[in-house]
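Colleague: If you want the building blocks of each chain, they are given just below.
There are 2 protein chains.
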Amino acid sequence: MIATTPQPPYYAVIFTSTKTTTDEGYNEMADKMIALAAKQEGFLGVEAARNEIGITVSYWKDVASIKKWKEVSEHKIAQEKGKTTWYKSFKTRIAKVERDYEFHKTN
Amino acid sequence: MIATTPQPPYYAVIFTSTKTTTDEGYNEMADKMIALAAKQEGFLGVEAARNEIGITVSYWKDVASIKKWKEVSEHKIAQEKGKTTWYKSFKTRIAKVERDYEFHKTN
Chain A
1 MIATTPQPPY YAVIFTSTKT TTDEGYNEMA DKMIALAAKQ EGFLGVEAAR NEIGITVSYW
61 KDVASIKKWK EVSEHKIAQE KGKTTWYKSF KTRIAKVERD YEFHKTN
Chain B
108 MIATTPQPPY YAVIFTSTKT TTDEGYNEMA DKMIALAAKQ EGFLGVEAAR NEIGITVSYW
168 KDVASIKKWK EVSEHKIAQE KGKTTWYKSF KTRIAKVERD YEFHKTN
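Residue numbers (the numbering used here), protein chains in the order written: chain A, 1 to 107; chain B, 108 to 214.
Hints are not guaranteed to be accurate.
Computed list of lysine-lysine pairs in DSS-like fashion (alpha-carbon distance at most 27 Å, straight line) [to be verified]:
#, chain 1, residue 1, chain 2, residue 2
1, A, Lys96, A, Lys83
2, A, Lys61, B, Lys212
3, A, Lys83, B, Lys174
Over 10 Å on every C-beta distance to chain A, these chain B residues come out as not near it, computed from the model [claimed, not checked]:
#, residue
4, Thr127
5, Asp130
6, Gly132
7, Glu135
8, Ala137
9, Ala142
10, Ser172
11, Glu178
12, His182
13, Ile184
14, Ala185
15, Lys195
16, Ser196
17, Ile201
Sample of chain B residues at the chain A side, in silico, Cβ under 7 Å [as the list claims (entries may be wrong)]:
#, residue
18, Ile109
19, Ala119
20, Ala156
21, Phe197
22, Val204
To be clear, the hints were calculated from the coordinates, so they are not data collected in a lab.
Ideal Cβ positions, reconstructed from N, Cα and C, are used throughout, including at glycine.
Take these sequences, add in the hints, and give me the full structure.
Modeller: Set out below in structure tokens:
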């Protein structure tokens, strides 16, 4: 689903990754982290897709809520497991959404 | 591939979409537009993945280069075809990347 977000400005965390061949427990953890993120203060929405690379974009009210989410203990455990087991490489980009527009087919 | 981008600040265009059932010509056009974008001034890189939704993130030097790319005539034709044929809905977000960090497995 395309995330429903408020009027800009708000923040996006663009998390791009490539995985190792070890999938064990990954999908469960990914689902769990999305559910947990959704409970955090300042969370606005999330979008994810994966082929050769995975892209997860989560949307947040401000930088403070992103920093707090990064430090949530269950999330820290998941981050560590990501590095040791699931991810071959990743890049995280913190970006301020300045403008957005959308299209919905009506016919 | 995870895009190799310079030190922030730079810009990201987060394009999230859902498709109609009409795939005709879509992949060819998507490849063509990525190749054309890569030739534009200010283009820094692109990442894409699609499952239920598609996420394409392109990276740019500044807002001016994003605006110029939006007006490139072949790109405008593709945008129009996207609305009439391929996309059920989409959302485009223009965001300023303020900070990034990355991880590469070494063992």
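Colleague: Report the numbers of all earlier hints that the structure fails to satisfy, in ascending order.
Modeller: 2, 3, 4, 15, 16, 17
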